[in-house]
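S.K.: In the numbering used here, the protein residues as written are 1 to 181.
Think of the hints as simulated: they come from the structure by calculation, not from any bench.
Honestly, I wouldn't trust all of these hints.
[Said to hold, decoys possible] Listed below are the simulated DSSO-like cross-link pairs for lysine-lysine, each with C-alpha atoms no more than 27 Å apart in a straight line:
id : residue 1 : residue 2
1  : Lys106    : Lys50
2  : Lys95     : Lys50
3  : Lys106    : Lys35
4  : Lys106    : Lys95
5  : Lys35     : Lys50
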Amino acid sequence: MYDFAGYRIGTICRNLQFFRHQIAISMESHIMEWKNEYSIGIQEIDDQHKLLLRSFTAIEESIRSDQGWSNTHYAILELNQLASMHFTFEEALMKMFGYPEAEAHKREHQRFFAEMGRIERHSLNKSAEVEMVQFLRSWLTSHILGSDRGYAGHIFSGAQVVRSAPAAAAVSGLKVLSDIL
């Protein structure tokens, strides 16, 4: 015998869980937008940060509109590619200018990928999607407003360029990243 009441309750519970998920995302405030306060004063880095922000937004929009796992997964892959190129550029720039905290900054980049991978492995779960949105928002603002300002301050303090050939090549090779994308 089929339990219609149980079926309805199960359906209602799943719908309620989805509804709570949607509320949790929407209560986080609206989709992030670039603010002048995010600028670190290095145009190429600011342009790259804007690209990362757009990629974060694509993930959030995919989750909000419930476009399905494949769209969200594609947006995550795109973010990871952009982040990889951006982090390579930043790390080369820090090396070029002899930034003393470069290794710690590089470890932050590695933690970003580790956390994104952990969340992505669990992202079929709706609570993981909310966690991803929260992580990306938090990471973007704390990393730019904190860590990235550190190396920008070092560069603007008159740090001498340490002409490391590999670092200089990496920076010149990635300098037009925002133009390519």
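S.K.: Against the structure, test the hints numbered earlier, and report the numbers of the ones violated in rising order.
M.R.: Per hint list: zero violations.
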